[in-house]
Amino acid sequence: MHEYSLACEIMDNVISVAEENTAKGVNSITLGVGRLTHVNPDQIMFCLETLKEDNIAKGAEIIINEIYPEMQCECGFCEDAKKLCFVDDEIIDDIRTFLDVQCPQCGQTMHASGGHELVIESIDIEQ
Amino acid sequence: MLMHVINVGHDVLKANDKLAARNKKLLDKNGVLAINFMGAIGSGKTTIIEKTVENLGSKYRLAVIAGDVVADMDAGRIAKLGVTTIPVNTGRECHLDAKLVEKALKSIDLKNVDILLMENVGNLICPADYKLGEHLRVVVVSVTEGDDIVLKHPMIFKHTDIAIIHKKDLAEAVFASAEKMEDDAKHLNPDIPVLKTSIHDAESMDKWFSTISSMADQLKQENKD
Ligand SMILES: Nc1nc2c(ncn2[C@@H]2O[C@H](COP(=O)(O)OP(=O)(O)O)[C@@H](O)[C@H]2O)c(=O)[nH]1
Ligand SMILES: [Mg+2]
Ligand SMILES: [Zn+2]
Ligand SMILES: [Zn+2]
Ligand SMILES: [Zn+2]
Chain A
1 MHEYSLACEI
11 MDNVISVAEE
21 NTAKGVNSIT
31 LGVGRLTHVN
41 PDQIMFCLET
51 LKEDNIAKGA
61 EIIINEIYPE
71 MQCECGFCED
81 AKKLCFVDDE
91 IIDDIRTFLD
101 VQCPQCGQTM
111 HASGGHELVI
121 ESIDIEQ
Chain B
1 MLMHVINVGH
11 DVLKANDKLA
21 ARNKKLLDKN
31 GVLAINFMGA
41 IGSGKTTIIE
51 KTVENLGSKY
61 RLAVIAGDVV
71 ADMDAGRIAK
81 LGVTTIPVNT
91 GRECHLDAKL
101 VEKALKSIDL
111 KNVDILLMEN
121 VGNLICPADY
131 KLGEHLRVVV
141 VSVTEGDDIV
151 LKHPMIFKHT
161 DIAIIHKKDL
171 AEAVFASAEK
181 MEDDAKHLNP
191 DIPVLKTSIH
201 DAESMDKWFS
211 TISSMADQLK
221 QENKD
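Quick note, the sequences are listed as chains A and B, same order. Mapping of the first sequence onto the working numbering: residues 1 to 127, in sequence order. Mapping of the second sequence onto the working numbering: residues 1 to 225, in sequence order.
FYI, nobody ran anything at the bench for these hints, they're computed from the structure. Don't take each hint at face value.
Straight line, CA to CA, 25 Å or less: simulated PhoX-like cross-link-like pairs of lysine-lysine [what the hints assert, rightly or not]:
#1 K186(B) with K220(B)
#2 K158(B) with K83(A)
#3 K99(B) with K25(B)
#4 K29(B) with K59(B)
#5 K220(B) with K24(B)
#6 K158(B) with K24(B)
#7 K83(A) with K152(B)
#8 K82(A) with K158(B)
#9 K186(B) with K59(B)
#10 K29(B) with K180(B)
#11 K82(A) with K180(B)
#12 K152(B) with K82(A)
#13 K59(B) with K224(B)
#14 K80(B) with K29(B)
#15 K158(B) with K14(B)
For reference, chain A alone in the conformation it holds in the complex (with noise of 0.2 Å):
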C-alpha cells in the first residue's frame, strides 16, 4: 500500500510549512486527489489521521476534495468530468469513467485532461 509514504511525504511538507509559518497548531489540511491517480483517497485520509497524533498537527482536521479532469475534445468542446460520475442519484467511481466519451457536440472522443493530482492545496493554522 503506497499512500503510507505519500501520506509520511504529505506530513513532512505540513509540518515544514506549519514551522515556518511559526504555528502553534494546525486546524485543518486540505488536500486535493485527482480522479485519474491510482490514490485511494480513504486510505490517505486513514494514514493522516494515524500519522498526525505525535506532531503539531494533532488534532487536525482532514480534508479530502476530489480533482475532476476536464474533457476536451479537438473541436473545441470541454466540459467538467465531474458530471460524468454522477448519473441519476448513482456516484460511479471507475477510472474508465473517464475514457472512450463521446463529444456530444461533434461525436469524436475526449481527451481527460488533469486529475493526476496529489496536492496539499492548504493548511489551517494558530499562530
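With chain A fixed as given, assemble chain B with the ligands onto it according to the hints.
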C-alpha cells in the same frame, strides 16, 4: 490566537515528476537509453530483460535496475549474465519512484552504459503514476493473465510507449486471444507499437530487440549532433 490559512499548493506526485526529469537529464547527458518495464508479477519482465541482455549484450553496454518485490532474486538471475545489476527493492515498495532510481543511478557508471533496463515492481496499478526518468515505458502483460486484463488496467496502457503481449505460446491453453489484447491496447492508445511475443518464437523476440536497438542508436545519434 490567530488563525491563518496558508495556500501550500505542493503536489507530491508532481514532485516525483520533477525528480524524474532530473534523472532523465542525467541519463541524457550520458547518452543512456532508459527503459521502464512494468507489468504484473510473473508476466515475464525478468525473462525479457534476461533475453535482451543475452541478445544485445555484445553490441551495447547494458545495466539493470531490479525493482521487483524481492529484487535480490531477480537481480541474481540477471547478474549471472554478467551485467551491472542494482537491486533496489526490499519487499516494501509497491512501485519504483524517481527517488529510488536516483539513488540507484549513483552506483552505476553511466558514462559506460548505453541501455539501462529497469524492472518495476510487479503490479499494473500504481507504477502507472510514477515516472522514473525513463525514455521508454513498456508494459509486459502475459496472455495467462486473461485476455480482458488490458481493459481492466486502462491507465497503464494509456501511459505507455510500447505494449508487449507476452507468452503467446500459451494463449490457446488458457483460452485467451492475444489478438483481442492487442486490439484493446490499440484502442486505449492508438499510436503505440504492440508486440506479441514468446520466448519460444525467436522471430517475435527479434522484433523487440530491433525496436530497442534502433532506439538506442537514434539516441546516440542525437547526442552526437
Ligand atoms: N510459456 C512461456 N513462459 C514464459 C515466457 N516468458 C517467461 N515465461 C515464464 O514465466 C515465468 C515468470 O517469468 P518472470 O520473467 O520471472 O516474470 P516477472 O515476475 O514479470 O519478472 C517464468 O517461469 C518464466 O520462465 C514465454 O514466452 N512463454
Ligand atoms: Mg521479475
Ligand atoms: Zn499501491
Ligand atoms: Zn467535439
Ligand atoms: Zn505503489
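Structure-based check of each hint:
1. A hinted pair counts as satisfied when its Cα atoms are at most 25 Å apart, and K186(B) with K220(B) does not qualify at roughly 29 Å.
2. Proximity of K158(B) to K83(A) is assessed by CA-CA distance (about 22 Å); at most 25 Å being required, the pair is judged to hold.
3. A threshold of 25 Å between alpha carbons decides the hint, and for K99(B) with K25(B) the separation of about 14 Å falls inside it, so the pair holds.
4. Simply put, K29(B) and K59(B) have alpha-carbon atoms about 21 Å apart, close enough for the 25 Å limit, and the pair holds.
5. Distance check on the hinted pair: K220(B) and K24(B) sit about 15 Å apart at the alpha-carbon level, within 25 Å; holds.
6. The suggested pairing of K158(B) with K24(B) holds, with an alpha-carbon distance near 21 Å, which does not exceed 25 Å.
7. Simply put, K83(A) and K152(B) have alpha-carbon atoms about 22 Å apart, close enough for the 25 Å limit, and the pair holds.
8. Distance restraint check for K82(A) and K158(B): the Cα-Cα separation of roughly 21 Å lies within the 25 Å cut-off, and the hinted pair is therefore satisfied.
9. For a cut-off of 25 Å, the pair hint linking K186(B) to K59(B) is broken: about 31 Å separates their Cα positions.
10. As the CA atoms of K29(B) and K180(B) are separated by approximately 40 Å, the hinted pair breaks the 25 Å bound.
11. Our distance criterion of 25 Å between C-alpha atoms is broken by K82(A) and K180(B), whose separation comes to about 31 Å.
12. As the CA atoms of K152(B) and K82(A) are separated by approximately 22 Å, the hinted pair is consistent with the 25 Å bound.
13. Taking the CA atoms of K59(B) and K224(B), the gap is near 18 Å; set against the 25 Å cutoff, the hint holds.
14. A threshold of 25 Å between alpha carbons decides the hint, and for K80(B) with K29(B) the separation of about 29 Å lies outside it, so the pair is violated.
15. At most 25 Å may separate the alpha-carbon atoms for a hinted pair to count; K158(B) and K14(B) meet this at roughly 18 Å.
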